[in-house]
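J.: Sequence:
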Amino acid sequence: MPQGRLFIGTSGYSYPHWRSFFYPAELRSAEWLPFYAREFNAVELNVTFYRLPRPSTWDRWRQSTPPSFSFAVKGHRSITHWKRLHGAEEEMERFLHLAAHLEGKLAVILWQLPPGLSLKLQTLEDFCRSLQRSSAPLGCRHAFEFRHSSWFCLEVYELLRRYNFALCWADAPRWPRVEEVTADFIYLRFHGHDQLYASSYPTETLSRWARIISQQLKAGKDVYAFFNNDAGGYAVANARELRELVKSLNPPVG
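Quick note on the working numbering: the sequence shown kicks off at 4 and runs consecutively.
Since the hints were derived computationally from the structure, they do not count as laboratory data. Accuracy of the hints is not assured; some may be wrong.
Unchecked claim - Below, a list of computed lysine-lysine pairs in the DSS-like style, where the Cα atoms sit at most 25 Å apart:
1. Lys-108 <-> Lys-250
2. Lys-250 <-> Lys-221
3. Lys-123 <-> Lys-86
Put together the whole structure using the sequences plus the hints.
T.: Printed below as a string of structure tokens:
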């Protein structure tokens, strides 16, 4: 079985407080993404949750990154938080057609549900079916991040497996996490070790995750891992360290 591929990066890249720490002080913000893409092979776009960028913006993201670069994009809140997946076909189609501007660089769409939304199995199934039937020219994967404990059940896992959609493993001090494999890939989000978005992960914790990732890669699963603890530049430092820890467990052959 061929080994899976590893994609590690951060949740977002356009942070002014990363200037000097990560981005050179003299670098224009328009050049941040190409600079970022020289360090990491993937990024998770959080901005797509808050607003719908113009087609030209999606095109610019695609054109300013190398051919091997991958994007994960977060589904817009009108779908997940306002409509709560129910009756959101029109909004979903609009979003998917915009995301299609990333072409082959679009790897995963993440659908993050609000913590106040409890299990609605039929709604989830209807939404998954709509994703599968969409007219948007997509070849990407889909992952779901649940924040209410009721979603973590066998019925949901079986549903996601039928569609080959991933259950997001979200590491955070506030929300539940179940490390259940439901697809041919793994999707990890690191929201902060002790403080949400604002704390760094110790090497001991990252080493544990490196072992888990290594096991999944050896099982043939692609792994996407993004750090959402942007405060203090922790996301950059943790992503770099995790990448090196995984590499040490998977030395190149020859």
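J.: Each of the hints needs a verdict: does it hold here or not?
T.: Hint check results:
1. Lys-108 <-> Lys-250: Cα-Cα ~23 Å, so holds.
2. Lys-250 <-> Lys-221: At roughly 12 Å apart (the allowed maximum being 25 Å), Lys-221 and Lys-250 satisfy the hint.
3. Lys-123 <-> Lys-86: Judged against 25 Å, a Cα distance of about 13 Å means the pair holds.
Comparing the model with each earlier hint shows no violations; every hint is respected.
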